[in-house]
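In order, the protein sequences belong to chains S and A.
The numbering used here applies: residue 593 is where the first sequence begins, and numbers increase by one.
The numbering used here applies: residue 593 is where the second sequence begins, and numbers increase by one.
For the record, the hints were derived by calculation from the structure and aren't laboratory data.
One thing to keep in mind: the hints can contain errors.
Where chains are identical, the list cannot tell them apart; a pair therefore holds if satisfied intra-copy or between any two copies.
[What the hints assert, rightly or not] Taking lysine-lysine pairs in the PhoX-like style, the calculated list, with each CA pair at most 20 Å apart, reads:
id	residue 1	residue 2
1	Lys658	Lys693
2	Lys686	Lys615
3	Lys690	Lys658
4	Lys658	Lys674
5	Lys693	Lys609
Predicted model only: the values in this text are computed from it and were never measured.
Protein chains: 2
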Amino acid sequence: MKQRVSIVTLGVEDIPKSRAFYKALGWKPVQHEHGDDIVFFQCGGMVVALYPRDLLAQDAGVSPDKKDQFSGITLAYNVNTKEEVHETIEQARKAGAKILKEPQDVFWGGYHSYFADPDGHLWEVAHNPFTLIDDQGRFIMEE
Amino acid sequence: MKQRVSIVTLGVEDIPKSRAFYKALGWKPVQHEHGDDIVFFQCGGMVVALYPRDLLAQDAGVSPDKKDQFSGITLAYNVNTKEEVHETIEQARKAGAKILKEPQDVFWGGYHSYFADPDGHLWEVAHNPFTLIDDQGRFIMEE
Numbered sequence: 593m594k595q596r597v598s599i600v601t602l603g604v605e606d607i608p609k610s611r612a613f614y615k616a617l618g619w620k621p622v623q624h625e626h627g628d629d630i631v632f633f634q635c636g637g638m639v640v641a642l643y644p645r646d647l648l649a650q651d652a653g654v655s656p657d658k659k660d661q662f663s664g665i666t667l668a669y670n671v672n673t674k675e676e677v678h679e680t681i682e683q684a685r686k687a688g689a690k691i692l693k694e695p696q697d698v699f700w701g702g703y704h705s706y707f708a709d710p711d712g713h714l715w716e717v718a719h720n721p722f723t724l725i726d727d728q729g730r731f732i733m734e735e
Numbered sequence: 593m594k595q596r597v598s599i600v601t602l603g604v605e606d607i608p609k610s611r612a613f614y615k616a617l618g619w620k621p622v623q624h625e626h627g628d629d630i631v632f633f634q635c636g637g638m639v640v641a642l643y644p645r646d647l648l649a650q651d652a653g654v655s656p657d658k659k660d661q662f663s664g665i666t667l668a669y670n671v672n673t674k675e676e677v678h679e680t681i682e683q684a685r686k687a688g689a690k691i692l693k694e695p696q697d698v699f700w701g702g703y704h705s706y707f708a709d710p711d712g713h714l715w716e717v718a719h720n721p722f723t724l725i726d727d728q729g730r731f732i733m734e735e
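The whole structure should be built from the sequences, with the hints applied where relevant.
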């Protein structure tokens with residue numbers, strides 16, 4: 593597993609309210625047709641996303657109501673192939689990670705898996721066929 | 593506030609255990625003389641840090657025991673001057689952020705402040721006189 597974070601996703605209760613907050617801080621969302629489903633902010637070589645808290649927990653396969661299981665934040669490690677999702681998850685398994693979701697297709701067209709680190713911090717390992725990790729390890733949705 | 597994240601800090605129960613986990617994933621800590629106090633991993637233009645959960649909550653001015661107040665993760669936005677800490681916090685205040693800690697000196701020699709976004713996600717705004725944000729907005733502890 594390379595040293596990088598592709599996406600930090602903040603689970604939020606109200607997408608329009610959170611988007612307005614970050615815009616008031618001076619941030620500009622990536623132009624995509626996602627409406628109020630999800631919001632992305634390009635932050636250098638990584639992305640900060642806003643996503644409904646309940647759906648984020650569901651995506652990771654944890655309960656949104658158990659605060660000791662779900663911090664409300666996930667980190668994503670993106671890779672360029674499905675094979676790398678498997679390789680990364682096997683490495684995490686060997687390192688002692690708890691695998692919360694085995695590699696599988698996702699509704700938005702990608703392929704992913706989730707593991708938890710020793711303190712329950714959630715990592716998504718994802719292959720998004722619509723974007724690429726460049727040769728410097730950066731995840732760029734919009735320059 | 594520029595679009596960037598300088599540090600993602602994961603609150604952990606046991607630094608040696610967490611460090612061993614991330615090393616088993618293939619990550620290599622920044623070479624610093626911090627022993628088991630804190631661990632940094634350079635991840636492209638940002639850093640992932642491991643820090644004791646209780647101390648992280650204390651640093652942010654929240655209770656580590658109240659799971660609805662403290663997710664166990666903080667995001668840091670680093671700036672190059674104390675003045676920028678104040679400017680950023682005033683912008684956050686205007687945007688409706690809850691200021692958890694007004695700008696002040698920190699024991700390690702820096703200057704910082706904390707705010708919470710609408711969902712309680714914690715942002716540290718920090719000036720670290722020993723490192724610089726470069727002109728591309730990157731926070732580099734070790735190339």
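Taking the hints in turn, this is what the structure says about them:
With identical chains, the CA atoms of lysine 658 and lysine 693 are at most 20 Å apart within one copy only, with a shortest distance of 17 Å there and 27 Å across copies. Proximity of lysine 686 and lysine 615 under a CA criterion of 20 Å is satisfied inter-copy only: 12 Å between copies versus 41 Å inside one chain copy. For a Cα distance limit of 20 Å, the shortest separation of lysine 690 from lysine 658 inside one copy, 17 Å, qualifies, whereas the shortest one across copies, 24 Å, does not. Proximity of lysine 658 to lysine 674 under the C-alpha cut-off of 20 Å is found in neither arrangement, the shortest distances being 30 Å within a copy and 39 Å between copies.
In this assembly of identical chains, lysine 693 and lysine 609 lie within 20 Å of each other by CA distance neither inside one copy nor across copies; the values are 30 Å within and 23 Å between.
When held up to the earlier numbered hints, the structure conflicts with 4, 5 and fits the remainder.
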